[in-house]
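**Student:** Sequence:
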Amino acid sequence: MEQKIKDALDQIRPFLQRDGGDIEFVEYTEDNIVKVRLQGHCAGCPGAQMTIKGVVERILKESYPEVAGVEAVM
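According to this note's numbering, the sequence shown is numbered sequentially starting from 47.
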């Protein structure tokens, strides 16, 4: 499952890089939470939470219904 998530994040990455940011996979927990770390401009962006929930989480949940959510970690 982790590799599938990493592959999906690779699809999202170019959109974040276009704005000077990036995303890093951290872990997939036992309770099906994907933990990611935003990097670059995305790390301090006021819209970071919206990006996590509105883009990353939506795409991952649509692709893999077993994903319960996405959380950003520092």
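Check before you lean on any hint, since a few could be wrong.
Stated by the list, open to error - As a list, the in silico DSSO-like pairs of lysine-lysine whose alpha-carbon atoms are at most 30 Å apart:
hint, residue 1, residue 2
1, 81, 99
2, 52, 81
3, 81, 50
4, 107, 52
5, 81, 107
6, 107, 50
7, 52, 99
8, 50, 99
Simulated from the structure, these hints should not be mistaken for laboratory data.
**Student:** Compare the structure with each hint and give your call.
**Tutor:** Structure-based check of each hint:
| no. | hint | result |
| --- | --- | --- |
| 1 | 81 - 99 | holds (12 Å) |
| 2 | 52 - 81 | holds (11 Å) |
| 3 | 81 - 50 | holds (14 Å) |
| 4 | 107 - 52 | holds (14 Å) |
| 5 | 81 - 107 | holds (13 Å) |
| 6 | 107 - 50 | holds (12 Å) |
| 7 | 52 - 99 | holds (17 Å) |
| 8 | 50 - 99 | holds (19 Å) |
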